[in-house]
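Novice: Sequence:
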Amino acid sequence: MSRIAVIDFETTGMTPQQGARATEVAIVLLEDGRVVDRFQSLMNGGVWIPPFITQLTGIGNAMVQAAPAAGQVMQDAARFVGDTPLVAHNAAFDRKFWEAELARADLPAAQPFACTVLLSRRLYPEAPSHRLGALAAFHGLPPTGRAHRALADAEMTAALLQRMLATLRERWQVARPDHALLCALQRCAKPALPALLARYADA
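Counted the way my numbering counts, the sequence shown spans residues 1 to 203.
Worth flagging that the hints you see were computed from the coordinates, not collected in a lab.
Glycine included, every Cβ here is placed at the ideal spot set by N, Cα and C.
Careful, some of the hints might be misleading.
[Unchecked claim] Taking CB as the label site, the calculated pair distances span:
1. Ala-175 with Gln-18: 42 to 52 Å
2. Arg-199 with Pro-68: 15 to 25 Å
3. Asp-202 with Thr-54: 20 to 30 Å
4. Gln-55 with Ala-198: 40 to 50 Å
5. Val-36 with Ala-92: 43 to 53 Å
6. Met-63 with Asp-202: 18 to 28 Å
Please work from the sequences and hints to get the whole structure.
Specialist: Next up, the structure:
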């Protein structure tokens, strides 16, 4: 299945379109379903962090003021990822910040994203919730650190993705599930899922 990069951002708000900036990024690199490398950094975007965000994430203004400039971090992150396709939990959120922060650094953003929220809804409709912490408890995944810190959340998302890949291999007989399958699966209507996976199992 080659390489997949699992990414997570911590930010000052919900959307770059309203002025929010990233304060931390972490990336966990998987190769053939195994973790082979990690990248993590706080980042200074020159913006103020609201107190409720500091309470949620533990990331305060003094921490980011001492961090590398956001543009430098994004250059390093882009170099780390290369052309590897990306996965995130609630990818619509992380994709916005990936693209916005890269654009600020005059860097392209061309990688496709797969979303473990959408994938979980397809593969585990019986789960009581598709929030990351709830899915970790549902699957009995070991803790990875404080929630709402980028590396801990990226590690947890990577562990969830590994569980999903195992489900595709064991339950659906897909020998080498890849990122293209994940993208097709998250777009697939639930009634059509068995037929889609049967085609990949036969491939």
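Novice: Against this structure, judge whether each hint is valid.
Specialist: Now for the hints, and whether the structure bears them out:
Distance hint check: the CB atoms of Ala-175 and Gln-18 are about 44 Å apart, consistent with the given range 42 to 52 Å. Between Arg-199 and Pro-68 the C-beta distance comes to about 45 Å, which lies outside the given range of 15 to 25 Å. Under the hint 20 to 30 Å, the C-beta atoms of Asp-202 and Thr-54, about 51 Å apart, miss the expected range. Between Gln-55 and Ala-198 the beta carbon distance is about 48 Å. The supplied range of 40 to 50 Å therefore holds.
One distance hint, 43 to 53 Å for the beta-carbon pair Val-36 and Ala-92, is violated here, with the actual separation near 27 Å. One distance hint, 18 to 28 Å for the beta-carbon pair Met-63 and Asp-202, is violated here, with the actual separation near 51 Å.
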